[in-house]
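Peer 1: What follows is each chain in one-letter form.
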Amino acid sequence: MSTSKKINNSTLRLEKGDITDMELEAFVFYAQSDLALGSGFGNAISMRGGLAIKKELESIGSLEDGKAVVTGAGEMKATHIVHAVGPKFQEENIESKLETTMINTLKTADEKGIKQLAFPPMGANFYGIPLPDCARIMVKTITEHLKGKSGLKDVLIIPMDNREFKPFEKALNS
Amino acid sequence: MGKAWDSVAFIPYAEDNLDYLPGTQASFTENSMSKERSHKATKVLERLSKKLNRQVVGSLVACVHCGMCTDSCHYVQTNPDDPTYAPAYKADRLRKIFKKHHDWTGRVIPWWVGAKSVWTDEDLEELKDIAFGKCTNCRRCSINCPMGVDFATFNRMTRGLLVSVGVMPEGVSVVSKDQWEIGNQMGVLKEDYVDTLEWMAEELQGELEDDSDMIPIDKMDAEVVYSINPREAKYDPRTIADAAKIFHFAGENWTMPSEGWDMTNFGLFSGDDDLGGAVAKRLFDKVIELRGKKLVISECGHGYRSTRCEGPNWAGMDIPFEMESSVDTMLRYVKEGRIKVDKSRNKTPVTFHDSCNNARSCGLFEEPRELLNLVCENFTEMYPNRAENYCCTGGGGAMSMSEYTPRRLKSGKVKADQLKATKTEIVVTSCHNCVDGLNDVIRHYKLGMEVTQLVNLVANALVIPAKIIPVSIPDEVLVLAGKKILVVDDEPDILTFFSTVFEDNGATVFTATDGDEAIKLAMAEKPDLVTLDISMPGKDGGKVFEELRTNAETSTVKVCIITGRPELRKLIYDRKVQPPEGYLDKPVDEDTLMLNVRKVLELA
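Going down the list, the protein sequences come from chains A and B.
Counting from 1, one number per residue, gives the positions in the first sequence under the numbering used here.
Counting from 175, one number per residue, gives the positions in the second sequence under the numbering used here.
Since the hints were derived computationally from the structure, they do not count as laboratory data.
Watch out, some of these pointers could steer you wrong.
To be verified - Each computed BS3-like pair below joins lysine-lysine, with the alpha-carbon atoms no more than 30 angstroms apart:
hint, chain 1, residue 1, chain 2, residue 2
1, A, Lys166, B, Lys224
2, B, Lys455, A, Lys88
3, B, Lys467, A, Lys166
4, A, Lys5, B, Lys455
5, A, Lys166, A, Lys77
6, B, Lys717, A, Lys170
7, B, Lys773, A, Lys166
8, A, Lys77, B, Lys455
9, A, Lys166, B, Lys225
10, B, Lys455, A, Lys55
11, A, Lys166, B, Lys694
12, B, Lys694, A, Lys16
13, B, Lys773, A, Lys77
14, A, Lys55, B, Lys732
15, A, Lys97, B, Lys224
16, A, Lys55, B, Lys773
17, A, Lys97, B, Lys225
18, B, Lys694, B, Lys717
19, B, Lys732, A, Lys16
20, B, Lys455, A, Lys140
Just chain B, with the same shape it has in the complex (with noise of 0.2 angstroms):
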């Protein structure tokens, strides 16, 4: 560079002078002897060259800073006085680095565009509790900015720098591996996964009395390939057996694949395109294997996009077949007469609430609502809705990241008063991380309400035809006949609950509402199982748990872990004892509860 870039060494507005010397990145470090940049902020100025494409630059460019996004945030809405929330603040943090290095501007004015490096692994420590912990990378911002900055997209793009050099948070490292390593983002093992689908399918023959094979894996020429989330298999199986139903009913040829089955992609929350893009071929190689016509995606946000919308990208393929989600699929069965569905019989008041992946970003907010108006007979909106509609504070992979819990179920007020203002009593969502991030704040604001998905309530609308009565289990069937239960928990409504499920099953069931009550009862009773709250006064879950598996008379002993705080989950799996053999989020439904401990106990 010459003599013109010099005179801007010495301007001395800068909160690092270093940073505004003038020319490229080798230059600085020549110029600067007493400032070194680490290895990492190396490598992340690196991949961030590689990683600019148009859509990015344009949003790095192109804000004024005219602040029309700020009240869109629903974590600013929630933290009015702490302006690090906006969404325009969290941008700057990588704005600084790219006019630093790739704009005309940082290099002739640093100081007024606020060009800044990043040199140690502090300043990527703090990009990271930006990055992960004050977004949820849902958009809305995005579709309220004039200048049509994306800040999720970039935001996203940080993520993928910060994971490159490993600086991430625990929960994302542990699920990421899991998805690249297991093939799931919940490490559920093929031979479970199974097991699963085979459990669920003989329920289905039991409830229907109909040998029929109800859940197909790895059929070939299927005119349906149905993928799912991996957390229907290991907490909610029952969304796989009402999807089952449906399949079943409206007599479709489908199936669903032994691998490469699940259809999240945990490099959208990450920002690692590279395992956005081997998830994505992963499931797509296995329904070109399979021959299958279409591939239908159940109801998940971030599922949706990554797979229909973003994995052709991310894995460079062309798709020779049809993707749709399973909310398009059954819509069209009830149109076209392939299932009959009776409203009446979902009757409770219910609103929905838009994922903000499949609304915002992919623009499926009118099927869903038409489905609800033909399986409810009490729908009613919550505002604002659609593409405005709020984030339900567990996107962007936030429900694994447990140390931004506090900040997260805060910025769910906002949610919390969205939901109370309907007055019905359950929130219906296409998305299982909406799910959970609506469960953890109805819990969280007391709201007394309910989530559930539209499959749940298209297979309880279902008019089963005539020929096919499902019979209901006679009474003197207990399925929990001879089994001894240990239900551990400090709160007494739970122990009241959990105790009358379980005897109206045949168990016997012993209570305990803490710790060392519980151990002394499990060494005393040796029950088949033990429900165990992680929460409790004195001797937490955790400690409990351990005691359990290291005691040899115990150690055998089956738990399900039942907690209202899985931001404590830590405390179980991180022990170095054989994990639980279960494991719940509260608030849970009697069905939810018996499926769970049915899976647990090997019960058929």
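If we strip away everything but chain A, and leave its shape as in the complex, we get (with noise of 0.2 angstroms):
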């Protein structure tokens, strides 16, 4: 099965590994609504970010839901952070809130000037969708932002490991 797929003039790619550890130009971050980075990815963006990125959200304060916001990523290998508040543990109506965050947050990269985003499984995992939506969700939004009017050049989907691999991998291919 295929890990890339060409939209437009833009690729949609798999990739395994660690996505606060990275060379990109932009990565996200499923954010809180109060902005704290937290832990899980929070932490690592703390520890590799520095002080920086958490001054800079800090003069932001807050963000409605399924909105995002950019800021920069630090000491990082990245250059940017797009901070998405996407829904959690069950919330109701959790695949449109998680479909308007994905949009929200390729428009916001988009307005920014971002070519290259990589996206975690948004709200899977702690927050609890299923995989399987997760990524049916993902895959679907980004195609449709890539076939409309963007300057995303390079869109990656960062699965840490094989059980998040796989039902991206399936969704990609269908």
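Got two chains here, separate frames each, mind docking them using the hints?
Peer 2: And the structure:
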């Protein structure tokens, strides 16, 4: 099965790894509305990125559900982080909320002129969205976005391990 | 449902009559205009239907409320006047929901069997308090139940139901997210983990004057792949070095993985089977990728249970390699003569604490005792022991739930009395969670005991072959020479102890007994390191830490938090500043103190 797909002049591809430790222009962090980095990927951003990111987030304050905002990535290998506030823990209308979050994240990245953007499995794992649903919605919204007018040339989904990789591979090839 | 059900609807004995209306969940909503179930409660009930299996249902229907479980619980023993700690009472909090929605008795005679649903988010908070805050899932009540009711199993399931809707203690959330996204439950980054392994390997090379690869990383086709608890990499790297020394002298062909190395599994504690499967699969996949022959699990009760016993089911995998506890590995090395040990090197009287997960859940209780008797001169049992031993108080993830610390420490009186009665100076345990739980109990009840693990005792008893003679570091090599260290603590004994250790190693030491003095000295002396207590009169360590970090003159000074109150760690880590470079729990011995200080200061 293929792990990448050409959409217009852009590519959507899968690459296994640690999204917070990759040479990328920008990656997405599945944020909380108070923009506190917290644990998990947030911990990795704090430790690898340094204080600059926290300070930038403090100056922004908070963010509505479904919205996204861009900050620098401090001392990380990436240049930007797109903080996106998605749905969590079986909340109501979770699939449509995830779609909205994805669309707003892609738009925000475009507005910032970002050409390369990497996503983690949005809302899956800790926040409980089943991986097959997460993969289906992510691949669908990214594909639709890239079919329109977008400056994004390289969109990646970064599963952490084999378990996460397979549903995305299936969604990409369906 | 027919008319017969309708007559039941008017029975007036209910706490909540609406709950006793007949029929399904849908009919409640239709019949009860004044009461709507919250979204979270609805999701919990939906998931409950999916999670029920024969084992859980058997336990839910079998209880006859005989009370045999009551006295087996350390929470009950320390709260004799509070019935809400009784295992049967706690079990009934979930049982009533099960009866309401899944058992015929709940539909026919709901008032009799106490069938009652959950409706509100507050109901879920009450369940959380029971499931997370009044039970460590130690399973002592389970083995004392004549009906075979395994309360811990469905308490874990209750936790999982709550976690699925985001209702959980903050600490459970933090640790779970770290394990999901970083790959280990303490958020140790890959570079820090690998750096720690390399550092320990270099230490061993120096100690043994031997240039061999002391800790091979990602070696293919090894006989043994060694997995650890992240606590070892973060707080106690000495256990890694001790294990490496044992593997080295046993002539083992072994390795440690660079990824997928965490054998702990917070899914066991949080009840999240998906996390359980994801974590287990990462570890199993890595061993398969390295073509390892055997996975050896370092001394950790829940790690052993979740990796060896539960992991294959959670991950849905057939495991093509053997798995064993490092206790079995070390015992085999001694019995086969692969390592020689001299028990006279461990003279201090020791006792042994059985980890609940190792002993009650996995039957690992004779092996550690056999090994202890081979490497220690003076071993005394505590009573009760083996499967009947009491929880260290830190089980079930309790160490991460600081809001329940007072309850946990109160329940620790049972363990404290057990320890005291042994009249020993050291308690040995094969579990990292228990190390922390026991240290807390020992500190709280002022028992003055030390906690250690078998790996440390075996390494200490190792007879090094004659041609490899460890060379002690010459006196004139002072590792902290030229370094300035500020020791901040309100306890005079600690100030004296830390100062002596640091000065003996060549550092220039300044001391402060309160926060204001600490800030002044830090500004004036610009130390290389501040060791900082959290709980102090006046300005606490959290405030001092934030001031140091936010002041341009001191923001880059390295800080190692050393506290006797781990429940206060939120005071440090919740601050919006760069986290401290080091963290240690008191009591701390000289070796651990120096190992951590050298790591923080990046000294070889």
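Peer 1: State for each hint whether it applies.
Peer 2: Now the hints, each set against the structure:
Straight-line distance between C-alpha atoms of Lys166(A) and Lys224(B) comes to about 24 angstroms, which keeps the hinted pair within the 30 angstroms bound. A threshold of 30 angstroms between alpha carbons decides the hint, and for Lys455(B) with Lys88(A) the separation of about 24 angstroms falls inside it, so the pair holds. The suggested pairing of Lys467(B) with Lys166(A) holds, with an alpha-carbon distance near 26 angstroms, which does not exceed 30 angstroms. For the hint linking Lys5(A) to Lys455(B), the alpha-carbon distance of about 28 angstroms falls within 30 angstroms, and the restraint holds.
For the proposed pair Lys166(A) and Lys77(A), the alpha carbon gap of about 26 angstroms is at most 30 angstroms, so the pair holds. The suggested pairing of Lys717(B) with Lys170(A) is violated, with an alpha-carbon distance near 51 angstroms, which exceeds 30 angstroms. Between Lys773(B) and Lys166(A) the alpha-carbon distance is near 39 angstroms, which puts this suggested pair outside the 30 angstroms criterion. The straight-line distance between the Cα atoms of Lys77(A) and Lys455(B) is roughly 28 angstroms, inside the 30 angstroms bound, and the hint therefore holds.
A hinted pair counts as satisfied when its Cα atoms are at most 30 angstroms apart, and Lys166(A) with Lys225(B) qualifies at roughly 24 angstroms. The hinted pair formed by Lys455(B) and Lys55(A) fails the criterion: a straight-line CA distance of about 37 angstroms is larger than 30 angstroms. The hinted pair formed by Lys166(A) and Lys694(B) fails the criterion: a straight-line CA distance of about 57 angstroms is larger than 30 angstroms. Annotation: proposed proximity of Lys694(B) to Lys16(A) is violated, straight-line Cα distance about 49 angstroms (limit 30 angstroms).
Restraint check: the Cα-Cα separation between Lys773(B) and Lys77(A) comes to about 24 angstroms, which is no more than 30 angstroms; the hinted pair holds. Using a Cα cut-off of 30 angstroms, the hinted pair Lys55(A) and Lys732(B) holds, with the two alpha carbons roughly 20 angstroms apart. Distance hint between Lys97(A) and Lys224(B) is fulfilled; the C-alpha atoms sit about 25 angstroms from each other, no more than 30 angstroms. A distance of roughly 28 angstroms separates the Cα atoms of Lys55(A) and Lys773(B); the hinted pair therefore holds under the 30 angstroms criterion.
Annotation: proposed proximity of Lys97(A) to Lys225(B) holds, straight-line Cα distance about 26 angstroms (limit 30 angstroms). For the hint linking Lys694(B) to Lys717(B), the alpha-carbon distance of about 14 angstroms falls within 30 angstroms, and the restraint holds. In summary, the hint linking Lys732(B) to Lys16(A) is not supported, as the alpha carbons are separated by about 34 angstroms, beyond the 30 angstroms threshold. Using a Cα cut-off of 30 angstroms, the hinted pair Lys455(B) and Lys140(A) holds, with the two alpha carbons roughly 28 angstroms apart.
Going through the hint list in order, the structure does not satisfy hints 6, 7, 10, 11, 12, 19.
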